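Undergrad: Same order as they appear, the protein sequences are chains R, X and E. By this note's numbering, the letter at position 139 of the first sequence is numbered 1082, and the numbering carries on one by one without gaps. By this note's numbering, the letter at position 30 of the second sequence is numbered 285, and the numbering carries on one by one without gaps. By this note's numbering, the letter at position 99 of the third sequence is numbered 229, and the numbering carries on one by one without gaps.
It should be emphasised that the hints constitute simulated quantities derived from the structure, not laboratory data. Check before you lean on any hint, since a few could be wrong.
With a straight-line cut-off of 27 Å between C-alpha atoms, the simulated DSS-like cross-links for lysine-lysine are [stated by the list, open to error]:
hint, chain 1, residue 1, chain 2, residue 2
1, R, Lys983, E, Lys360
2, R, Lys987, E, Lys196
3, X, Lys366, E, Lys446
4, R, Lys1012, R, Lys987
5, E, Lys196, E, Lys452
6, E, Lys196, E, Lys360
7, E, Lys449, E, Lys337
8, R, Lys1030, R, Lys1016
9, R, Lys1016, R, Lys962
10, R, Lys983, R, Lys962
11, E, Lys452, R, Lys1258
12, E, Lys391, E, Lys196
The model shown is predicted, which means the values in this text are computed figures rather than measured ones.
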Amino acid sequence: MIEFLTDLFSNFWVSLAGKLLIVALMIPLVGMVIGFAEMKLSAKMQARVGPYFAGGRWGWAQLIADGVKFFQKEDLIPERADRNVFKVAPILVLISTVGLLVVIPFGPDIIFRDLSVGVFYALAISSLSTVGILMAGWSSANKYSLMGGLRAAAQLIAYELPLVLAVIGSVILAGTMSMTGIVEAQIEAGYPYVILQFLGFGIFIIAALAELSRIPFDMPIAESELVMGYLTEYSGFRFLFFFLAEFANMFSLSAIAVTLFLGGYWLPGIPEDVLAYAGPVIVIGKTFLLVFMMIWFRWTFPRFREDQLQSLAWKWLVPIALVNILVTGAFKVFL
Amino acid sequence: MTSSPSDTGTTTDPLQQFADGVAASVGGEAVIEFGTVKVRVPASEWVSALTKARDELGLVFFSWLSAVDWASEVEVGDPYPEAVEDRYELLATVADLSEGRRVVFSTDIHKSAPSIASLVEVYAGANWHEREAHEMFGIEFDGHPNLAHLYLPDSFLGHPLRKSFPLLSREVKPWPGTVDVEAMPGGEDEEAPEGPSEENPEA
Amino acid sequence: MIDQDLVRHLSESSVSVELETEEMTLNIGPQHPSTHGVLRLVARVEGERAFDVQPVIGYMHRGYEKLSEVRTYPQVTTLVNRIDWVSGYANEIPFIVAAERILGLEVPERAQYIRLILTEMARISSHLIFMASYPLELGAATPLFFALRERERVLDLLEGVTGGRFHPNFNRIGGVKPAYGSGSSTRKVIQDLPEGFLAETREAMDKVLEAAEEIEALVAGNEIILARTKGVGVLPAEVAASYGVSGPNLRASGVRFDLRKVEDYLPYDRFDFEIPIGENGDCWDRWHVRLLEIRQSVRIVQQAIDGIPSGPLQAKVPKVIKVPQGETYVRAENPKGEMGYYLISNGNQGPYRLKIRSASFSNISILPWILEGVLIPDIIAIMGSLDFVLGDVDR
């Protein structure tokens, strides 16, 4: 039986279909789990209970119910909106999220595709969502959406640079851009890179929050000012795409941080052969820790103003990241 | 307790002294109405009186400005029991920010040509109050930058707070009559209140 | 020079023109999450900077001044506590005191103390709503729940005494309303305050102090809040005075002036409390002054509960009250600012003319001045810090 399965999956097309299926299922699953975690955690922080009735006492079926609700809503497109662009925008954002999941190593050989330029590819495809957001803001034919889209463009482009610069430290230390290569380098070195690259880690988390447009960087959405920013005119399943994409993106970016800084699927003291089974669990565990931190920030802080946001990126994060690269490079060469 | 402006004499009441001081300074007549100092000035002295109030008397806080429509015949409510001279009385209250002294300045405007100089140059806050008075009473304020409607839609005709402006709901449906106010304790046909007693615990 | 007509045409046309920073006319409201009601701001913006903001009000105008001419005094009380609905009880007081002054009535001490306690509780309730909604406008969603949780305690107490959370109708000319026995035929006074009211109020005040500590810890030291509110929307004291801005907004600009210390509509002179002021007159100071005022109000309530005398709740008044001819102006320190009533009575059961001076009307008349050249997120921050309510603006 096992032989039959391994033979079957060694066929390229079958394994491709299998991988596509898993990735396609992962997005809604991860989105729902993290969405539910956000609802419950934010409730605990605010002296509330959170979802309670849907699906028994824990309310775990809340997001399933929300998903179904979104799907059965009327598909509204504003009259003066640019129809094709309006429809394509959420799909682009989802594509970028899915693309990110492809290069995350869940175990020693468990990865959808190990690219030798994994880091480069990951950063490139995560910036595809910027285009999607701009398209959403522009095509909505609504002044509020336009302003949200413009703010989003400025913010996302500004924070791309710290995001990229922050990971270069880890790449230098590992000597390779392949994601599995970086994890293996951390296993060989015996410590996760965050110990040396704490600046890089900090900058990466801040820039990731800005890329996700989460508070404290949610100017583009800014609920109390622009109603919903670039998302104002989206309803029904298009809004669901954005919604799921945000949570899945949280997962993806956190998983990248885990891989590059926190040691990926490795925990000290666990032998190699166990890692093949425990690896995914470890990765998901560490990722959820980072996701918890992001949720915690969202409900504690207010939002930055646009100019404060920009000055944080350009005047603080980029110089610190450059210094980090310099020091790491010197460390690598001379030691 | 009202006091007439004629018994100035030697009075030790600080409020009366203050009122007389204000009246002397701006050239008007002071009256104390139940604890409120009211100074009447002629309409031509309106702006100069309030400028003096702001500069010399320290009354820098602009509280409000509005008008009263004194009319012998009214469309709504009850008229004044004595005969009144038909006019608009413009009221402006200013105060200071140290001892809480406040003065209500008042002047009369003819109904036939209701217009007066605007106070916008003296107190910036008069802007919106004068717009409201214009909208509600039809008083023209010369020198006001923008006498557009404040509350009412632009297409609204008429000046609602004039006594000659009827309440539409009263025209359509008659007022059911004064509803009897609830009985007061110890009134003429009420006995003194008793609490719960042994035989009657629910009183 | 740019052709003004062309600019106007471009700014009002659809979005599919080329994207340069031209002037755009942005309508904030009347349906908007942050405008505290139906306020509409017509802002001409260039990029993110607004340069000509005109408020459009009147969406909530109910014509109270006209209506009060056809109502009796107790009926006007029901109208009047709907002006500033967040601090319902405090609106009734100056009106009733004006009528009592013209009548020459002496209100019993116990009634005055009860009025004072309830007014201070209304002030706490109004400031807690501000504590809840202001960080929400800046983006922080959590203080909302802490503040509103404590406000529920205060509102429950208010409901227990007066029967209404927001519109108490508890004042009568000559005092406050006693609780009657059940059944419409027995109009005998059972008790004046509900049993245990004073003890529960004391507990609630302690809880309010704790909540104020919590909110201060969460909000006051937060760098992002400081960056969003310090130096934003500075209001100099002279400008504030000439526009008629009053209350915590004026005190945040450094003017140590509180109507509770200079007017005698309630016996505040028997209690010991401070007047907090701010230094710069920016949004941060306006927030901070209101937090400190919550603490002072709690202090006053605790002193009042300790010293409340016994006695009747209402002076002897006839069944149908006619206020003799006269006019007077009574003003009070409402949570939002100075609220005053100029009452002209004509000897009948209702007023001849009632001019309502509401605090928020003057407070927001300053918006065109203060919002000149300001970034759009700051518009929201400044508007929120002025703490107005549309019922108070439009009457």
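Undergrad: Each hint: holds or not?
TA: Results of checking the hints against the structure:
A threshold of 27 Å between alpha carbons decides the hint, and for Lys983/R with Lys360/E the separation of about 33 Å lies outside it, so the pair is violated. Distance restraint check for Lys987/R and Lys196/E: the Cα-Cα separation of roughly 49 Å exceeds the 27 Å cut-off, and the hinted pair is therefore not satisfied. At roughly 42 Å between alpha-carbon atoms, Lys366/X and Lys446/E are farther apart than 27 Å, so this suggested pair is violated. Only pairs whose Cα atoms come within 27 Å are accepted, and Lys1012/R paired with Lys987/R is accepted, the gap being roughly 25 Å.
Using a Cα cut-off of 27 Å, the hinted pair Lys196/E and Lys452/E holds, with the two alpha carbons roughly 19 Å apart. For the given pair, Lys196/E sits about 42 Å from Lys360/E by alpha-carbon distance, which is inconsistent with the 27 Å threshold. Taken as a hint, the Lys449/E and Lys337/E pair is broken in the structure, with Cα atoms around 41 Å apart against an allowance of 27 Å. Between Lys1030/R and Lys1016/R, the direct Cα distance comes to roughly 16 Å. Compliance with the 27 Å bound is thereby established for this hinted pair.
For the hint linking Lys1016/R to Lys962/R, the alpha-carbon distance of about 31 Å lies beyond 27 Å, and the restraint is violated. Proximity of Lys983/R to Lys962/R is assessed by CA-CA distance (about 31 Å); at most 27 Å being required, the pair is judged violated. Simply put, Lys452/E and Lys1258/R have alpha-carbon atoms about 71 Å apart, too far for the 27 Å limit, and the pair is violated. Of the pairs offered as hints, the one joining Lys391/E and Lys196/E is violated, with about 32 Å between alpha carbons and a cut-off of 27 Å exceeded.
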